[in-house]
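Student: On the provided structure of chain Y, position chain Z as indicated by the hints.
Here is what each chain is made of, one letter per residue.
There are 2 protein chains.
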Amino acid sequence: MVFDKILIAYDGSHGAERALMKATELARLCAAQLVVLTVYRHHSMLEASLSMVRGSVEPGGNLDEAMRGTARDAADYAKSHASDAGVARVSAFIKAGQPARTIVAVAEEKGCDLIVVGSRGLGATEGYLLGSVSHKVTGLADCPVMVV
Amino acid sequence: MVFDKILIAYDGSHGAERALMKATELARLCAAQLVVLTVYRHHSMLEASLSMVRGSVEPGGNLDEAMRGTARDAADYAKSHASDAGVARVSAFIKAGQPARTIVAVAEEKGCDLIVVGSRGLGATEGYLLGSVSHKVTGLADCPVMVV
Chain Y
-18 MVFDKILIAY
-8 DGSHGAERAL
2 MKATELARLC
12 AAQLVVLTVY
22 RHHSMLEASL
32 SMVRGSVEPG
42 GNLDEAMRGT
52 ARDAADYAKS
62 HASDAGVARV
72 SAFIKAGQPA
82 RTIVAVAEEK
92 GCDLIVVGSR
102 GLGATEGYLL
112 GSVSHKVTGL
122 ADCPVMVV
Chain Z
-18 MVFDKILIAY
-8 DGSHGAERAL
2 MKATELARLC
12 AAQLVVLTVY
22 RHHSMLEASL
32 SMVRGSVEPG
42 GNLDEAMRGT
52 ARDAADYAKS
62 HASDAGVARV
72 SAFIKAGQPA
82 RTIVAVAEEK
92 GCDLIVVGSR
102 GLGATEGYLL
112 GSVSHKVTGL
122 ADCPVMVV
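Protein sequences appear in the order of chains Y and Z. Going letter by letter, the first sequence gives residues -18 to 129 in the numbering used here. Going letter by letter, the second sequence gives residues -18 to 129 in the numbering used here.
Hints were generated in silico from the structure; no laboratory data involved. It should be emphasised that the depicted structure is a prediction, and the values quoted were computed from it without experimental measurement. Worth double-checking, as some hints may not be accurate.
It does not matter which identical chain is meant; a pair holds if it fits inside one copy or across any two.
With a straight-line cut-off of 25 Å between C-alpha atoms, the simulated DSS-like cross-links for lysine-lysine are [what the hints assert, rightly or not]:
| no. | residue 1 | residue 2 |
| --- | --- | --- |
| 1 | 117 | 91 |
| 2 | -14 | 3 |
| 3 | 3 | 91 |
Next up, chain Y with everything else stripped away, as it sits in the complex:
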């Protein structure tokens, strides 16, 4: 088949939603396995910036928990969507880390042969100048990357 195992990076954004639709259609057409991945930022990654504006350092447990919960909800939603649309084999994972590097690392670890990501939805100039997650993923990945 053209693709056997497709990773869809899903964060609940508008761009990710469109990417999920395409990844689902493609997985069904290819009879491919679909791997949903939602990456979230771990508390310690926000600590540096937050500690600048917070008066005192509070325990990060609750924030971590909330971010993990939101990521879990997003991943579960994407998994349900794909299953309902007729993709037979779907799994969903969440992982804390830097988005682009984490997406590429998980795709390699799980042996995916296509990564599908949403575009930022920015205009051409802004997107190009800022450098989006999708640009970083296409730069880092060894397998084909579809930017939707």
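Tutor: Using the frame of chain Y, we list chain Z on its own:
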């Protein structure tokens, strides 16, 4: 179908070769129309740099002719490959211009719903820093872009 009209940007490079293989497989699977596009640089675009090293200005006709011929050969090769591989509807075009902008403009003009491009084959850092044609295309295109 998932994709109805796929544009493959083919310039004869190693990356474009891999992209051609994937685009061909995908076009066959989707029963999609395949549009081969080879972009080449027009003589006038090289004039500024060449005139710096050339003693005298020579007519650009021959150089244009040679570049157009090479582009034609590349496009024809890609078209034959796709036809031989079982893609029923394939057309091939050559066009002078800036690669990324020309690829995106032709895709829009012809109503393509997927653009397939090769990655530069550079390491992650170099590719990311230099900014490749594939990065520019993903930044400019309104339709999904697959970087192979």
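Student: The structure should be examined with respect to each hint, and the outcome stated for every one.
Tutor: Evaluation of the provided hints:
no.: 1; hint: 117 x 91; verdict: within (19 Å within a copy, 29 Å between copies)
no.: 2; hint: -14 x 3; verdict: both (14 Å within a copy, 15 Å between copies)
no.: 3; hint: 3 x 91; verdict: both (20 Å within a copy, 21 Å between copies)
When each numbered hint is compared with the structure, no violation occurs for any of them.
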